[in-house]
Each structure stands twice: as C-alpha cells, then as structure tokens.
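Number of protein chains: 2
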Amino acid sequence: MLPQRVLEEIQTNRQRYVAELKDFLRIPSVSTDSEYDKNTQESAKWVVNKLKNLGFQTELRETAGHPVVCGHLVSDTSLPTLLIYGHYDVQPPDPLDEWITPPFSPDIRDGYIYARGATDNKGQCLTYFEAMEAILAVSGKLPLNVKVLVEGEEEIGSPNLGPFLQENLNELNTDFIAISDGSQFAPDIPAITYGLRGLSYLEVGVQGPRFDLHSGSFGGLVANPVQALSAMLTQLKNEDGTVAIPNFYNDVRELEPRERQEMADLPVDEVALKKYLGVDQLVGEPDCSIVECKTARPTLDVNGIWGGFAGEGAKTIIPAKAGAKVSMRLVPNQRAATINELFKNFVSSIAPPGVKIQISEMHGSDPVLVERDQPAVQAAARAIEFGFGKSPVYIREGGSIPIVGLFQEMLGCKSILLMGWGSPDDGAHSPNERFSLEDFHRGILSTAALYYALEESFEG
Amino acid sequence: MLPQRVLEEIQTNRQRYVAELKDFLRIPSVSTDSEYDKNTQESAKWVVNKLKNLGFQTELRETAGHPVVCGHLVSDTSLPTLLIYGHYDVQPPDPLDEWITPPFSPDIRDGYIYARGATDNKGQCLTYFEAMEAILAVSGKLPLNVKVLVEGEEEIGSPNLGPFLQENLNELNTDFIAISDGSQFAPDIPAITYGLRGLSYLEVGVQGPRFDLHSGSFGGLVANPVQALSAMLTQLKNEDGTVAIPNFYNDVRELEPRERQEMADLPVDEVALKKYLGVDQLVGEPDCSIVECKTARPTLDVNGIWGGFAGEGAKTIIPAKAGAKVSMRLVPNQRAATINELFKNFVSSIAPPGVKIQISEMHGSDPVLVERDQPAVQAAARAIEFGFGKSPVYIREGGSIPIVGLFQEMLGCKSILLMGWGSPDDGAHSPNERFSLEDFHRGILSTAALYYALEESFEG
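Taken in order, these protein sequences are the chains called Z and S. Throughout, this note's numbering is defined as the position within the first sequence, counted from one, plus 16. Throughout, this note's numbering is defined as the position within the second sequence, counted from one, plus 16.
Here chain Z stands alone, though its shape is the one from the complex (with noise of 0.2 Å):
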C-alpha cells in the first residue's frame, strides 16, 4: 500500500531520522516538576519547529499548565482526516543514580538509543512526523488530511487537557485519531490496543505529635504515624492480592471467554520476565493468567513511602509526619471518580487512633475499550503488518492514556487507533529508559503506510 519511492526515501533517511530524535531527547522536559518549565516550554517549541518544517500551519496553545502544540495540513477537503496525539513531556528521570548514561544525553548501545523520553513518548511521536516528512518530500503531499495534537501533561495526568478539548471542538474534529503512546506486546510482536487500564492516584499524609519526637522519651506512649501508614497501606491489599477496599470490583466487566482465550494464546515467557524484573516470583490474583494480571484486571500500588530520618546513621525519634502516593489500576468499567470516593472513605474509617489523616487525589483517567471490528481498525492491522512483516496481535494494555477517554467523549470518536512501536521491556518509567532503533524505523514504515490504508478504508 505504501508507494516504493516513500518506501525508499524512508531507508535512504534512517540516519538523520535518529539524529533528530537525539535533538528531541536532549531536552529534559520533565513536565512534574517545575524546575525543568523552561525546558518542557522548549520541547514543545521543537514539536512546532518540527511541524512548521513539513508544511503545517501549527503553533503553542497555552493552558492552565504546559502548552498545546496543535496543528493541521490540509491536503484535499474531500478526504478524512485523522488527528495524530503525543505527548513532548517526560518522567521525572530519578534515581539518577542508576542511569548508566544520563538520561538527557541519548546514547546509542547494541542498536537501542537510551534517554528519558527515548520510548515515552518522543521516539514514538517522532514516527509520525518523519513518515509524513519523506511521503512529502516524494509526493508533495499526504494521502489525507493531517491534524496534530502533542500536549505537555501526559505524565501529570493531562489535567488540562479536557478543557482545551472542550473550547476547541470543531477544530479538532475528526475521522480518526491516532495515539501514539502504546507499546508492542513484547519485541517483534506487534500489537494493536482495543483496551486501556485507567488510574486513581491519591497521597496519604499522615500526621502524629506535632515535632518528631525521642523515641526514648515517648516510645510506647504516642502512636507513630509511618506505623499507622503502615497498618494502613497494609488493609488495602489482601494476602491474595485482591484489592481490600469495599465495593472495589463492584463495576468490573469480567472478560469474555474470547478475551480470555487470546491471553492465554499470547506468548509469555515467565522466566525471561521473572529474569528481567529481578524477582524470583511474580504475584498475582488467584486465577489470572500473567496478562490478564497485567492488563485486564484492576490492582493498588504503592508509588512511594516517606517518613522521619531516611539519612545516614541512626535517629531515634518517632517522626511526626509521614505520607504515601497510592495508585490504583482500574478496567472497564470501573471509574475512577468512583474508586476514589471508595479510597477515601475507606482510608478514613482504618486510620488509626493517635493520628490525623490527610487524603487528596493526584489525577485518574477512566479505563477504556475500543470496538476491534471496524474498518479503520482493520487498515491499522494491515499498516503494521506492512512495517513489521506480520500481523498485530490484539491486547489489552496495563497503562492508562488519560487523553483517550477523553477523545471518545468529547470528540466523539470511534475510531482511535493504539499501536506502539515500542517494547514493553524498553523502561518507560525507569532508569536507563530505551527505544529500540529497529522499531523506531518500522515505527516510521507503520506510519507511512497507516496513511494510506486509513485513505482506503475510509466509508465517510
């Protein structure tokens, strides 16, 4: 589907491809924190650069936080038009400790390109764009109309994404919608994602005296709030590793026998896993298979624990504060506005006596489920097979893209098309972050070719 000259300049140019996602991941764009604002301000100026470059009309949209970097190229109004989401911010790259190169300076090792950001998300985002740029180059134009959306809060929870959505509809409308944010279900086996994890994320705080105290003088006397976060955290899960909140599983869809026949048939390999976490044993539900624990069933984690002296040596005191981050994994169709009342009201009647407790919620997304049998869906599995030389497998995803949910409702549309590049093996979220630069050129190859079968398959 993909004409041989396009096909031809994307080989000719793989070099330079590389070379302009290094520019990309040099920018330490970290959009949690605002120490990096300048630099998550200049990631996304290069996403408009790199727009303004192919021919679209394009430009920074402020919000409340990061801005939006929108854009559009019209090529004949007759055909669709897909819109294509990124996001140009990254994690935190801490511990920085463990990076074997720094985060912000990409390093090419054994065919992978390491930094922050390398698979989450600029290397995938970049895919698009340089599909686009050798389609124009051959071509003069794209087989239909192209609108871009790359926002700068993906990793905060995209807070501000709703409402930009909300004051610019029309503008936004579209046949189709293209995220780049997923992954390959494990190298060399594509994926295309019908179904997302969503997410609740709360801080505990926890107050006991109002001074870290001696623990010689008081121990025995006064409660001791990281043991009472503790004790907390503790009642949240069970032994099994159920989920402890009441009504918890109140609203979850259970799988089909056909979803649950496609886990099984995807292949695992539990000792490569277990080998590459570094655990000795996975844990999971009574039950579930490792994917479906993974992907298609809601779960609680402790994201990070603080409280009283952390530092060398030894202090002796009971701490006066202590605080948690708890997230929770939510799937069709719990919501996450639900779970969150369920956390709180949980949390609140546990805590124990002795200490005053603090709960607020970070961010959440709803969970998400995609229609597999529709005919954009369908061109998606034929792009990939294209750039990959074989048919995607279809897969729930154990992540959460806050902005999909919202594309479905607001936007109103169907057909949104979750293909990643990259492996779930590449460290989104952990030191010494990869993207593999194989699949950053058949990422490309998808891409150029999504193009065109989206054009063909298109019904109006």
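Just so you know, these hints were derived from the structure itself, not from any lab. It cannot be assumed that every hint is accurate.
Calculated cross-link-like contacts (lysine-lysine; reagent style DSS-like; alpha-carbon spacing at most 27 Å) [said to hold, decoys possible]:
(1) S:Lys163 to S:Lys61
(2) Z:Lys253 to S:Lys360
(3) Z:Lys372 to S:Lys291
Bear in mind the structure is a predicted one, so any value in this text is a computation, not a measurement.
With chain Z held as given, fit chain S onto it using these hints.
Below, chain S without anything else, positioned relative to chain Z:
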C-alpha cells in the same frame, strides 16, 4: 553544704556562663553525619580548652571514630574520685525548616536558649565545668579529685567507647560516676534516675524488582517492596500496643509494687502532655500508666521509612527498593543482643513472597538499674535539694545512655549518678531544642554542691 562564697561566685558569673554555652552550641558537631566531621572535632577541642583553663591535665584521645576528651584534676590523693561523663556530639538538626531560629545559631527567648545540643548534652555537661570553675576561683582547689570523660559518639551509640574503656581501665578507675545526660522528671521536679531503657536499632531493606517499574505495565504482577515492608512493620506490633515479636517479653523484670506506686504518685498532666505533643490521644499498653509506658515498658518504633517517589507530582512506579529504620526500647532484664536476634528471626520469617530482605544491626545498648539505697545517691539527693530547693523524685527514664551499662560492667562502679537539669519538654532530638537558663543555673549550683556532698558521704 556549699560555701557561701562559691554560691556568690556562681551568682556573679551567670551571664558569662550563658555566653560560654552559646560558644559551645555554635559548633555543629553532628556525629552521625560524616559531612560534619570537622565540626565534631572542633567541638572536642572546645572541651579540651575549657578543661585546660580549669587546670586539668587533658587531651584528645583518638579512637576508631570521633575522639574522646579525657582529663583529670587531682586535688588530694586521699580524697575520693568522681568521674564526670558527657558528650560533645549532637543529633542531626533535620527537619531544618521546622526550626524557628537556625539550630546552630543559639537564640535566647523567654528564658530559654534554643539550639541543637542545648539540653542534650552540651548545656547540661557544661554545668559540671562551670561549677568547678567557681569553686577553683574561690578556694583554689576542689573538694575531691575529678576525672572527665566527654565522648563524641553518644548519638551514634558510643561504638568506640567500650574498647576505649577497656584500654584505659586503670586511668578511669573511680569511686563515683556522674552522668550529665539525664533530665528532670518534669519542669521543677528534679529527679534521680535509677533506671534506663536499653536500645536495639536495626535497619530493614527490601528489594523488589531490580529497577523501578511502570506501575501500569506491571501493576498486579510484581510484589511491591513498600507494601511488603509495610506489611512486615505492621506485624511487629499488636493492636493493643504490645510488641508482637515472639518471646520479646521473656526477660522483662516486672515492676515491684513500690515502683508502681512511685510511678503512680508522679504528677502527670495528661491534658497538658497531649497538648504539648499535639495529639488527641495517647496510646500505650493496657493497664500501664503513662509513666510506666514511657519509662519502664519495652516498645518498638519505626524511626524512618523510605521507598519510591516522594517528590513533587505523581510518578506511577512500582519502586525497586524500600527501607525502614526500626528501634526497640528495652527494659531490665532484656538484652540487646538477644532482642536483635529475635527481631531478625521474626522479620525474616514474615517476609512476603517476591521480595528480598536485608536486616542490619545499627547499634544497641542494654537497659540499666542502679541501687538507690547507697550513700552516694543520698548525697546526690542533698545536692539537688540545695540547687533546686526541693528533694528529687526517683524515676526511671525512657531513653538509653549506652555508656552507663559499660561503666557498670567494665569499671565495676556501682555509684552511678544519673541526674539531669533539663526538662522532658526541652525537645531533645526535635526541632527547636532548648534549655531553660534557670535550669542551667540551678544545675551549676547542684553540681557545685554535689562535689562537696560526695566527699562528705565517702566511706572509702
């Protein structure tokens, strides 16, 4: 018992003593943190200079850690000898942002001097030196021989003092030992402490996956080290406040009826205490009074916890590691070595699947009991009555002074005098640590009286 001219000398020099205390407090001698090593050394030298000015033969004595200040001043070999113990090191000042004035810029407000080390132990230690200065100024000689031992590692558990004592047993031979590191029972209720709790301090490390994981990709499949740690910490105590480690209470000597009665007679203002601590409710073992809970019962506290992301924003990870510092206060006749073993065995036995545990011993000390019905203790009671205008109560203290057990065992000295001039609400180990200037003055008076009273009480 104190010559009138000595009393007058002490009254006359009150302001100068405070100025000297300020000098001592300006030195940030944080022994737990190697970044402060130079300051810790400077603090030791300050003590040496002070003693030299009194006419002591004194010097810094090297150990494997911070040096010990040793000195002696012989008055007459036929007189008894008193060994004075103190420490020139202080606790870390964190959390820094809770100090009203900087921890190493002593500030006087409302009759208190505020600084790290004000009460623990620089201010209290200094009373012994200023009292000698006054006596020497008036009469040219002390009523007994004095040895001084001021160490720099009390706040890290005095790891090198045992070996130092062992190597210098003859030099440190003494009739009485005065420990300057206690406190009154409450403001204006001076006390003689005849019991101290011991300490077992350990660190628990938990290793989950080999790096931080994306909680979307792996949540529900991989054991979370923070949750594993929380679960273990929670199992260390029962809901009624008792410690849940098997056999933990085996060696606890139950209180005698007269001790329970004395503790019941001590005035405790529970309402004021709760207000001071900023808690709605005290927690303690069933059927134990407040005084028993905090001085005569063993307990367990988490002194610090860490793991995962504690920064600004919301990072969606399963942390690779978590850790906690845990300490237990011990009472006669528990032994730190035994409790350490019980702790390690129990925690190892409850480690959840999917994580690796590492437990290290930080430091410890055995609890102490001193015989109250001996002439030296009665002499100390008279000295306190002179300085404070009231008889002391007999108490046990919740904190640990590791050196006391060593003195008892290694120097074979049973006349160990534990008298503190500070108050339990001075905030030792807390932000805004302070010492009442009135207590500083009464401490100098009591100490001066003690030198005479001990000599009078001595039976050879």
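Agreement of Z:Lys372 and S:Lys291 with the hint, judged by alpha carbon distance not exceeding 27 Å: It holds: about 14 Å lies between the C-alpha atoms, which stays within 27 Å.
Hinted pair Z:Lys253 and S:Lys360, Cα distance within 27 Å: 25 Å, holds
Holds or violated: S:Lys163 to S:Lys61, with C-alpha atoms at most 27 Å apart: Satisfied, since the Cα-Cα distance of roughly 17 Å is no more than 27 Å.
Every hint from the earlier list agrees with this structure, and none is contradicted.
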